[in-house]
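A.B. asks: Residue strings, one per chain:
Protein chains: 2
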Amino acid sequence: MPLLPPRVRLISTGSEITQGMYADSNAQRLSVTLFERGFRVVGHAAAPDDFAAILSAIRDAAAHSDLIIITGGLGPTEDDLNRDVIAQWSNQPLHKDDRAEEMIRERFRRRGREMPLDNVRQAFIPRHATILHNHWGTAPGFLISADEQRPALLALPGPPSEWQPMLAAALDGPLGHAFPDRPRRSIYSLHLAMIPESTVNGCIRDLFAGQPGCELTILASRGHIRLRIAATSATDAENEQNTRRLRDAIAQRIPPEFIFAEGPGDQTLPASLVALFRQQQKTIATAESCTGGWIAKDLTDVPGSSQVFKAGWVTYSNDAKIRDLTVPPTILDRHGAVSEPVVRAMAEGAREKSGADFALSVSGVAGPDGGSEEKPVGTVWFAVASPQGTTAIKYLFNGDRETIRSFATIQALELLRRALLKIPPESTLPD
Amino acid sequence: MPLLPPRVRLISTGSEITQGMYADSNAQRLSVTLFERGFRVVGHAAAPDDFAAILSAIRDAAAHSDLIIITGGLGPTEDDLNRDVIAQWSNQPLHKDDRAEEMIRERFRRRGREMPLDNVRQAFIPRHATILHNHWGTAPGFLISADEQRPALLALPGPPSEWQPMLAAALDGPLGHAFPDRPRRSIYSLHLAMIPESTVNGCIRDLFAGQPGCELTILASRGHIRLRIAATSATDAENEQNTRRLRDAIAQRIPPEFIFAEGPGDQTLPASLVALFRQQQKTIATAESCTGGWIAKDLTDVPGSSQVFKAGWVTYSNDAKIRDLTVPPTILDRHGAVSEPVVRAMAEGAREKSGADFALSVSGVAGPDGGSEEKPVGTVWFAVASPQGTTAIKYLFNGDRETIRSFATIQALELLRRALLKIPPESTLPD
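Protein chains in written order, with my numbering: chain Z, 1 to 431; chain V, 1 to 431.
Worth double-checking, as some hints may not be accurate.
Restraint ranges, calculated between C-beta atoms of paired labels, are given here [claimed, not checked]:
#1 V:Leu3 with Z:Ser198: 44 to 52 Å
#2 V:Glu114 with Z:Asn398: 37 to 45 Å
#3 Z:Leu3 with V:Gly263: 15 to 23 Å
#4 Z:Pro368 with V:Asp79: 32 to 40 Å
#5 Z:Asp172 with V:Gly112: 36 to 44 Å
#6 V:Gly112 with Z:Ile423: 31 to 39 Å
Keep in mind the hints are simulated off the structure, nothing from the lab. From the three backbone atoms N, C-alpha and C, an ideal C-beta is built for every residue, glycine too.
So here's chain Z without its partners, still in its complex pose (with noise of 0.2 Å):
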């Protein structure tokens, strides 16, 4: 018989999210966190910072659950209300627990100062719970154990850079024994880059359904294509089985240079650019026009980058072109700076001055303004010179400013990782 994951509700509190003011990113990575570990997240809520809506949103989430996780609300000021309000859901009042009192102490004092009287609150927990040692902050967080008339409820603290290593305990300790035969998960993701959600949903479109144990999802965001496949079983051997099963079926119809990373943690395409580029021994440069330093910016984002990033210009006026690129003016005069003979010269420049094995190149127009009949705004060109040669592609992109720049940017670095690996930058899956 499979296993039921158990039902998780998160709550979010705190009057800054019900506003808008804050996104309530808590609940996506509770719920991805919760997902990996075998439960199942059937609904969120977010309160404002009131006693009775704070209620009101446990007694909802109560009844058709096996855990509740609140996150916020633990903090030493009178509007950190969720120990008061869970005391009564609960039926445990509050009492001073002498643990907790000397974590919040202690924090203090290796900080060098006095425990302020206010902090006192944060000790007050709901008799017969559990404490969680909060290591990162003065609140310290509880488990409420499942009885007849209630399910679970975990209370931690709202930064993630708290909850995070208190969940991570939990789920080890207490939380975990309280659920004791949970499915075993994994995730196993093929990415992609620049080739539209519709193909490749026209690829795979058969494996979506019927595939024992395992459930396979497409998503798309800004160019970046993500097919997940989620195994559940009893086991972790029969989840590799299925997982590999699917991703063998996935490999049948997309051929493998469209798939930049794959496995089981999340990847970027700069960061997959940089280890394939370390991997190979061979380094980038980068000029920009209408990218403005993006592309340069996502490959510095990954650790490790300066060892295979040596130099970028950003040429956003003609003039730096010509200095800092040596491209010639008469080619500016003649073709104007989004065109095919510009991006050749900025690349060859590039690769040239910096001494770099690859260098990368791009001009178009972001708009809003600048358009024209015979380029539109959305109008990019690309390059890459590299040691077999320059190869120069347009592309149309859809879309406003902040569009166009990051799917430029996406674009110009799938480019890249295609002339490092000589696939053709035109091919495409068959639609």
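For this one, chain Z is given, so just place chain V on it according to the hints.
C.D. replies: Just chain V now, kept in the frame of chain Z:
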């Protein structure tokens, strides 16, 4: 008697949200708009694509609200359950709405296509509901009026590009008419960069409570501090007066040179900076090491930045610093790349080469590797070369690579703003 804002509960539907594959960005965007339009959002919820879960979310939301807004689940597939769930909840059976069907057919016709049979599903809406035209997708929205048993309910499609114009139209039309007695709201913000939140908080502590018709909130995110004045009253004139009073009280405590922008809309530091440089007809060049192009990227995000941004260098290697910015090799040898003499030489080299009025340079240790006892991870040197000469300053930032780089970027932009306005780089608010 003050007008009470109608209470709204939001529901986002989709298993991709409860599983954490995407963040629920609709909840935040809707909350902001509804707050500004005189409503009060008293709860968010997200439910998976499951009939019972969605129905239960609607019932829970109905208990304490005047209006429910539910997004998603209006597509043409069998996963799209919201029409059926809402029909059951409202006791208004679905019927095919001829106007809705014609809208959908017309949309396909304009693209030269026949309407696929599946899309007829989208024309089925609860009887007595008011149809909302969707100009950007196939799913019509609809509004169900409140009755004795139930609050009003507005059903919208998931993509913001579709629901945003539909919500705006509904607020000016049937939704606005259904809630005529809303208060007027105005939002006015003051923006500061790289001043510790606790310092700002200390300056204006006495202004948080007791402001008639106004609420003051500090919002901090990655070095950007926003002081948000939300005024609520029966008239715009009263809001303006209350806002002005609180704004002036803030101005007495925070000198104007610390405020990079203020006004009713949102504003970023790069956008303010580009506007300021355009106004003063001055130009910018950048020379980046550890920020790797992020400063140039942020400046060129701004439409019209080509008028002020002349050139940028990403001189990640010492070779590039020497070759492109004429940094003397002896300085690099003697002081290392992260040092005052090097950032000075970088800024002066960039200014000289580019011919820009102002040149900004950054060199630091972003980590995770490369730190030393003398120059720990987070050490960042900045210089600005200008017609007045060159100034340099060092900061130590805490956090991971991403945090250090983002703080260094906003700090650099703030130093550039101060240089243009001749504000001393090291001046700060009294703690």
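A.B. asks: It remains to establish, for every hint, whether it holds in the given structure.
C.D. replies: Status of the hints after comparison with the structure:
Separation of V:Leu3 from Z:Ser198 is about 48 Å and conforms to the stated range, judged on CB atoms against 44 to 52 Å. In this structure, V:Glu114 and Z:Asn398 break the distance hint of 37 to 45 Å, their C-beta atoms being roughly 24 Å apart. Checking the proposed 15 to 23 Å range against Z:Leu3 and V:Gly263 shows it is violated: the Cβ atoms sit about 56 Å from each other. A C-beta distance of roughly 36 Å is found between Z:Pro368 and V:Asp79, which places it inside the suggested range of 32 to 40 Å.
Checked against the hint of 36 to 44 Å, the pair Z:Asp172 and V:Gly112 fails, with Cβ atoms roughly 58 Å apart. At about 34 Å, the CB distance of V:Gly112 to Z:Ile423 agrees with the hint of 31 to 39 Å.
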